[in-house]
Every structure is written in structure tokens, then in C-alpha cells.
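Colleague: Sequences and hints are given; from them, build the entire structure.
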Amino acid sequence: MNLSSNAEFIESISTKFSSVENEFDTLKIKVKPEEWVETAKILKEEFQLTYFSWLSAIDWENEVSVGDPPKESVSPHFEIVFCLSESIEGNVVLVSTEIEKEDAMIPSLIEVFAGSNWHEREAYEMFGIEFNNHPNLTKMYLPDDYEGNPMLKSFELISREVKPWPGEVDVEGMPENGSKEDN
Amino acid sequence: MIDGSQILVTAGIVLAFALNGAVIFTILDVKGASWMQRRPGPLHVGLRGFIFPLAEIIKFFQKEDITPTNVDAPVFKWAPAYVLASVFGLFVVVPISPTLVGSDLDLGVFYLLAISSLSTLGVLTAGWSSANKYSLMGGIRAAGQLIAYELPLILAVVGVVIQAETMSLVGIVEKQIEFGLPFALSGQGLAFLIFMIAATAEMMRVPFDMPIGESELVSGFLTEYSGVRFLIFYIAEYMNMFVLCAVASTLFLGGYHVPLLPPEWVNFYGPVVLITKTVLLGFILVLVRWSFPRFREDQLQNLAWKVLIPLSLLNILITSIMKVVF
Amino acid sequence: MDDILNTGNVPYVSEASVSVEIETEDMTLNIGPQHPSTHGVLRLVAKVDGEKISSVEPVLGYMHRGYEKLAEVRTYPQITTLVNRIDWVSGFANEIPFIAATEKLMEIEAPERAKHIRLILTEMARIASHFVFNGAYALEIGALTPIFLAMEDRERILDLIESVTGGRFHPNFNRIGGVKPAAGSGPTTKKNVQDLPAGFYQETRDAMEKVLEAVERMEDLVGGNEVFKARTKGVGIISKELAEEYGVSGPILRASGVKFDLRTQTDFLPYDKFEYEIPVGENGDCYDRWYVRLLEMRESAKIILQAIDSMPSGPLQTKVPKVIKVPKGRSYVRTENPKGEMGYYVISEGGLGPYRLKIRTPSFSNISILPVLLEGQLLPDLIAIMGSLDFVLGDVDR
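Residue numbers (this note's numbering), protein chains in the order written: chain A, 289 to 471; chain B, 360 to 685; chain C, 42 to 439.
Hints may be right or wrong, so weigh each one.
[Stated by the list, open to error] Once the Cα atoms are required to be at most 35 angstroms apart in a straight line, the calculated DSBU-like pairs of lysine-lysine come out as:
#  : chain 1 : residue 1 : chain 2 : residue 2
1  : C       : Lys-360   : C       : Lys-314
2  : B       : Lys-436   : C       : Lys-88
3  : A       : Lys-318   : C       : Lys-270
4  : C       : Lys-88    : A       : Lys-427
5  : B       : Lys-390   : C       : Lys-110
6  : A       : Lys-320   : A       : Lys-389
7  : A       : Lys-316   : C       : Lys-300
8  : A       : Lys-427   : B       : Lys-492
9  : C       : Lys-93    : A       : Lys-427
10 : A       : Lys-320   : C       : Lys-366
11 : A       : Lys-320   : A       : Lys-332
12 : C       : Lys-93    : B       : Lys-436
13 : A       : Lys-320   : C       : Lys-369
14 : C       : Lys-369   : A       : Lys-359
15 : C       : Lys-88    : B       : Lys-665
16 : C       : Lys-251   : C       : Lys-300
17 : C       : Lys-270   : C       : Lys-221
18 : A       : Lys-389   : C       : Lys-110
19 : C       : Lys-274   : B       : Lys-492
20 : A       : Lys-329   : A       : Lys-304
21 : C       : Lys-369   : C       : Lys-156
[Unchecked claim] Partner residues are not named here, just some residues of chain C that face chain B (Cβ under 10 angstroms, in silico):
#  : residue
22 : Thr-69
23 : His-76
24 : Phe-189
Just so you know, these hints were derived from the structure itself, not from any lab. Beta carbons: idealized from backbone N, C-alpha and C, even for Gly.
Modeller: Below, the structure is given as C-alpha cells:
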């Protein structure tokens, strides 16, 4: 079945890590930033999760300039997630940690998974998160002289300001509590 | 010895032969491609697709002739002419019939091989003067390739020369008539094969088209060329293909001669016979071009130095022994 | 002679005598963003010494459209339109994981018939994508004919996709909770919902026969060619460990000998009902990558033929609220895209759109291996290796 319905695997993960969530077939381990690299190593070596899928971040913020804010107010922080999998039965694990927004910094996973290189560069560019020990922490997509981190919730979509979206001719019946309804 | 009008007539014949050859081979190539690739354009549209090559040529005339800023302008502009001239020079010695020949040189084969290597310079200057890294690499690849394949080409012909005991092209054809069998079927089959492979490399056609190699070098030494200058390269390519096929049919397949037809009418049927043989050889090249991928540069060099040259030397050895024994 | 040495160009003489071995400087060669074989606008900054590559640095971003950000200001039904355009060669396959993740969060399930239609179209998208690869790869190796044949064959598949969805590249056919009624099915009334256009089954069967023929032909024309073998066998070998470490997925991973196909692990599409094989390579070289994709087309055609025969009847949509709101929660769903693992991590805060949508695309991870793989290779091999990774720039940059 999908992702994480392998009971045996969930069992073994749960005994190793204390904070394992399994909602909507998505297995997630919550760790402290200090255990970040160590967790990756353990998962790689003890649980044969050798396949590095992706790494990204989430900006938790109450004041948002795009989209809807979180339902319940949160303390502003970055949540960093990486995803590992193994290639026999397809078990998938997400590992997440929370770091402060001020001087956001986390050790790089490169020594464990070389493939995290580009994913970390992307997170650095989009969120402004520093990855320690990263050999080449430069911009991935944007021009070199670009300022700002587009994926931050405080980053505005300029076109959205000029022309509200969803536009007035939308047919799908739009939100009653949408963020922009000037007309 | 030769007065002005004779030169004009000779030049006229050679010109007509060369340009018609280029046209025939362009149509052959385009038609062959569209037939193999199921392309409706050149196969069905407008006069059964025959209008297509014409449209292509008109297209080139319409295009702007761009000289990029940093190129070495005189060299860049003259390189196509150089290539064209060197190809054109080859036509002079190809006998269309015993008398219908630009100039029946005693050292015809020698002249032919000498002139054919001149186009290397044109290609190299084109690549070098373009001020483009892809062009430069294309030019250098072309130079390396043409030098490597010049040798098997020459060595393959040496076998023919030994067997025919002459370097005149008319003489070689006469020898084959005398012998009753074309050289390709009487001892020089291997040389024929080597000659065709090396000639394909000389023409820079698939599978030896690395100097142009559009997926690697954009368009190699042709990258910066456009409009009429590109067209000249294009025509030179097909002329080269035509003349090398014509030379191959002269050296190995009996040239203008065909058995059972009266020899006194050779001036009339000679051109037709030669062109037919040439087109048949060209058709094989077309089939190869549209079904083969491209070699890698080092594989190409290996093929030349490690396979073709030893084989052609072996061919010379065998031919010489046979010559002495019989 | 003495005169020349004494009065002539002294530095020249000394220079010539000092360095016996010629020291050369690496040339920086910009491959792309406008280059015939970078599949769009990828740029590789290569340091080359003659034909030999000493280092390669891919430069991305020429196709970056910021879909993750855009998704934050769209509602869930609107996002399917966006994700169609990530990998435009197989648009339909992109919609599936997103729809799956959303349905999972809403705890609804599409009817069986809708699932079958989704499966058929996904496999069609896979065949279409692999046709493009087959043609384009031969073109990159230098053979010009296969791409014409492949494009013609692909057109048949696209026609089928169009007849059902109304779009060739961007079907936008999935709805949360099912699929929309087909384009060619005429006016839809409440009593008479025709989902697939008339004659679709027979046309599909014919088209799949043609696909099987095309695979045979491609195997002959391309795979049987000695030059093609010489160019691809033993070139660009990716080891199993390297592939996994970089998150390389899909046919590339399978060519390296890992029998890992997400189709076997999804409960979202009814793949477990059908019989098919997962082609696996041995050496992990360019030839294996090409061959695995070719064989996959055959398997996909088999799956489609089985799915056509066992198509259940029933509705196309489950009941969903008119305004779709997704309850709070997170779900990561990944499926087997033609290019590899395609996954969406949907983080919902209970609104009309996701709070955050992480899009995991296969091509991004697949080409992240390029700098490692290309070091020390020859320039023609660069093209052969790059082509064998079969990436789409929209899939890389998002």
C-alpha cells in the first residue's frame, strides 16, 4: 500500500524515535535541530533508508501577505523537512525540525547524503536558511543580484497586489473570506 | 595548346556537371530522408515534393547574410568560396566519357587526392574565423577527421593504381574495360569498401558528421554562417558527395562503361551510365545517413588508424603480390 | 642559422626550450541555455580541455515559475491547472499525486471507474513521454530518423488523450473526488453522463497495437545499431549507491539495477489488479537507461489493454462539497511519473488552498547527479549522458 502502512517498520521506527506521527499515511519524525545530522545517519545506516528524496522548509507565520494564515496562531519559526525512503519496500519517512527565524541555521546533510546539495541550496535561496558546512551555498534559481527570499510568507506577490486574484470573472464560486475582495 | 574557347567549353561542361550533381544529390537526400521518416513535406506536397528542395534554396537567398561582430571578416567571408572551389576542382578530372573530360591528366588520381584535401583548409578557416567556441571545435574536429581519413582514402586508391598501372582516370576505366570486370569485383573489393567509408568521412556525413554534429556543437563550423554563405557550404557538401561517388564509380565500378552497349556510342550513354552508378552509390550513403547515429570523436580516430589504415596497407600488399605473381 | 639564433627573437627561443609539455588552459564552454540538446533552457558551464570535460556546473532557473509560491494563493481545484505544466511531456501524470494527497486529506476516494480512467491516462502519458525520449535520445546520439517516427507514434497517443480530456499536453482532467466527463462525450445531462467518447476502447486497442509495433521497430532501428551501442554501452555508469544518495528515481534508478517502482506501492491507482513486469537494467549505463524506458512502453501498453478490458462501470465522481475545503493536516503522496518519483507534500491549515505545497519533481534530483557524472567525460559523452537522464526543464525548475 501507500507509503507508511508497513506496520513492522512503523513499530521499529517508533521504538527508536520518541516523536513519531503517522497521519494520513505520512510517517513523520520530529527531532531537535542538534540531532538533525545524527538522525539522518541513523535512518540511513540502521533502517536502510538510503534513498534521499527531498529537503525543504515551511515558514510558519501568523502575519501572511499571501494566502491564508494558519488557523490557530503559531509561534513564528521555520520547519525544515527532509524525506528519506528505501528502495525495496518503499517505506518513507519525513524528518522535521523547528528552528528560530532569527539567524536561521542548520547543519548540512551533505556528508550523509550528497544529494541534499541542491535541495539545501534551494531552501537557502527561498527561505534564507543557512546550512553549515555546505560547500557551495549559492543561489539556485534566481539571479545573483536578487534580493529577498520568495517563499517567505512575508514576501508579497507583486502581480497579486496589482490585480487581485481570483479575479472577478471567476466561475468557481470564490471564497467568502478570501484575502482580497475589493470589488 | 588550349585556346580560350576550349577552356570556356570545358568550364561550362564541368560547371553543368557539378551543379546538376549537387541538385540530383540534394533531391536524392531529401527524398530519401522523407521516405524513411514519413515526412509529407518533401514526399507529397507540391509536384510530389520536388518543389521542396527549390523552396529550401529560395529560403536561403531570402535570409540575411550575417557577419558577426568579432569574426575575422575576410577569412570568414571567403571560407565558403574556398571550400566550393576545392570541391569544384575535383570535377575537372572525372571522365564522363573517354573524350568528355575536363582534363585527362596523366597524374589524375594524384591531382584528385591532392585537391580533395584542400577543402580541409576551408573548413578549418571557417571554424577558426567564426570567433565561436563551437565553430572552433567543429573546425578542429574537421581537420583531425579529414587528415585521418585522407590516408585510408589514398591508400585504398593506391591498390587500384597498382592494378591499373596508370594514374590517369580514363586509363583506369579503359583498364577495367580491357579486363572485363570492374575493379570492385576483381581484386579491389576491400579497397572499394575502405574508399567508401573514408569518402563518407571526407564528406562529413553521418556517421562521421562530428564537425557539424548539431546535438553537440550546435552546427560546428557552420554555426555562425547564414543565408547565401551557408547555402554555398550546403551546395559544396552535396557536390563533394556527388564527385566522390563519381570518382568511386570511376575507379571501382567501371565509370562510364557498361557491358553490351556499343562502344562507339559511349559519348552519348556515358554520362547517363556514370550518373546512374553515382546515384546508386549516393543512395547507399543516403540510407546510411538516415539510419545511423554518429560516432564519437575518439571512436572515429580509432576506426581510421587502427582498422582502415592497416587494412588498406594489407590490400596494397596483396595487390602487389598478385601483380607480381600474375 | 646562427644569425637567427643570435639576433632573432630571443624570448621565443627560450620559451620553446623551456616547456616541453604544452600547458593548456581550460576553456569555459557555455552549453545552453540555447543549445539543441539541453531540452530547453538548462545551462551547463563546462570547463573543457579540448574535448575532455574537467568540470561541469549546471545553472538552473531559466524556467523557474515559482509554482510552490503560486500554489499558496490558489484554491485546491485551481492547483491542478498549475501542476499540469510542471512536466509538460506527461501532463496527466503530474496531476495524480496532488489529487491523491488532497483526497487523502479530505478522506474521500474516487470511484473505481474514475480510478481506471486515471490509470489509463497516466500510462498513456508515460508512453507519450517515453516516445519523446526515444526519439530525442537517438537524435542526440546523431540518428535523425527515429524522432520523426516517434513523434508520429506519440501523436496517436496524444489524440487519444485529447479525445478524452480535450487537451493534448495539459489535460487538467482530474477533479478532487473523480474525473470530469470527457470532452467528446457530448452534452451532459444528469441522466446521461457519458464519460468516454464513442469508440474509445477500439481506438485505444488499435493504438496500443501500434505502440507495440513501434517498440519492436525502435528496438531494431536504434537498439540494433552497432554505432548506437558503441556510443551508449559503458557510458555514464551510475552505480546503485550513487543513484540512491542523489535521489535519482524512475527508469534511471531501475537501469542501475534497483527494482523499485512506485506503481507497485500505491493504493491510489489500481495497479495491483493488472499484470505487468518492471524492467530492470544491469549496468546502469546509457544503453540500459534507454532500454529500460523502451521496455516500459511495452508494459504500459499491456496495462492499458488490461484496464480497457476490465473497466468497471459506475459514476465518475464521489460527492464533494461545492466549495472544497481541506481539513487541517499534512500528507505526502508520491507516484511513479514517467521520469521518476513525483511527490506532493500538502500542508493544509483548513483553508481553501494549501498553506504550503512542496513539489518534489523527479528531474530536479535526476540532474543533480550531472556534476559528479560528467567529470572527465568527453564532450560527445556529455550529450549522451545528459540525454539519457531524460529531464524536462519545467520539471527541474518548477
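Colleague: So, for every hint listed, does it hold in this structure?
Modeller: Outcome of the hint check:
For the hint linking Lys-360/C to Lys-314/C, the alpha-carbon distance of about 25 angstroms falls within 35 angstroms, and the restraint holds. For the given pair, Lys-436/B sits about 30 angstroms from Lys-88/C by alpha-carbon distance, which is consistent with the 35 angstroms threshold. Pair hint Lys-318/A plus Lys-270/C does not hold up; C-alpha atoms about 49 angstroms apart against a cutoff of 35 angstroms. With a C-alpha separation of about 20 angstroms, the suggested pairing of Lys-88/C with Lys-427/A holds against the 35 angstroms cut-off.
A hinted pair counts as satisfied when its Cα atoms are at most 35 angstroms apart, and Lys-390/B with Lys-110/C does not qualify at roughly 51 angstroms. Taken as a hint, the Lys-320/A and Lys-389/A pair is honoured in the structure, with Cα atoms around 15 angstroms apart against an allowance of 35 angstroms. Distance check on the hinted pair: Lys-316/A and Lys-300/C sit about 25 angstroms apart at the alpha-carbon level, within 35 angstroms; holds. Simply put, Lys-427/A and Lys-492/B have alpha-carbon atoms about 27 angstroms apart, close enough for the 35 angstroms limit, and the pair holds.
Note on Lys-93/C and Lys-427/A: the hinted pairing holds, with a Cα-Cα distance of about 27 angstroms set against a maximum of 35 angstroms. As the CA atoms of Lys-320/A and Lys-366/C are separated by approximately 32 angstroms, the hinted pair is consistent with the 35 angstroms bound. Taking the CA atoms of Lys-320/A and Lys-332/A, the gap is near 18 angstroms; set against the 35 angstroms cutoff, the hint holds. At roughly 31 angstroms between alpha-carbon atoms, Lys-93/C and Lys-436/B fall within 35 angstroms of each other, so this suggested pair holds.
Between the alpha carbons of Lys-320/A and Lys-369/C the distance comes to roughly 24 angstroms, so the proposed pair stays at or under 35 angstroms and holds. At most 35 angstroms may separate the alpha-carbon atoms for a hinted pair to count; Lys-369/C and Lys-359/A meet this at roughly 9 angstroms. About 30 angstroms separates the Cα atoms of Lys-88/C and Lys-665/B, which keeps this hinted pair within 35 angstroms; it holds. As the CA atoms of Lys-251/C and Lys-300/C are separated by approximately 28 angstroms, the hinted pair is consistent with the 35 angstroms bound.
Proposed proximity of Lys-270/C and Lys-221/C is contradicted: the alpha carbons are some 45 angstroms apart, above 35 angstroms. For the hint linking Lys-389/A to Lys-110/C, the alpha-carbon distance of about 19 angstroms falls within 35 angstroms, and the restraint holds. Taking the CA atoms of Lys-274/C and Lys-492/B, the gap is about 29 angstroms. The hint holds against a cut of 35 angstroms. Using a Cα cut-off of 35 angstroms, the hinted pair Lys-329/A and Lys-304/A holds, with the two alpha carbons roughly 13 angstroms apart.
For the suggested pair Lys-369/C and Lys-156/C, the alpha carbons sit about 25 angstroms apart, so the restraint of at most 35 angstroms is met. Hint on Thr-69/C holds. Least Cβ distance to chain B is approximately 8 angstroms, under the 10 angstroms limit. Hint on His-76/C holds. Least Cβ distance to chain B is approximately 6 angstroms, under the 10 angstroms limit. Interface restraint check: Phe-189/C against chain B, minimum CB-CB distance 4 angstroms, threshold 10 angstroms, status holds.
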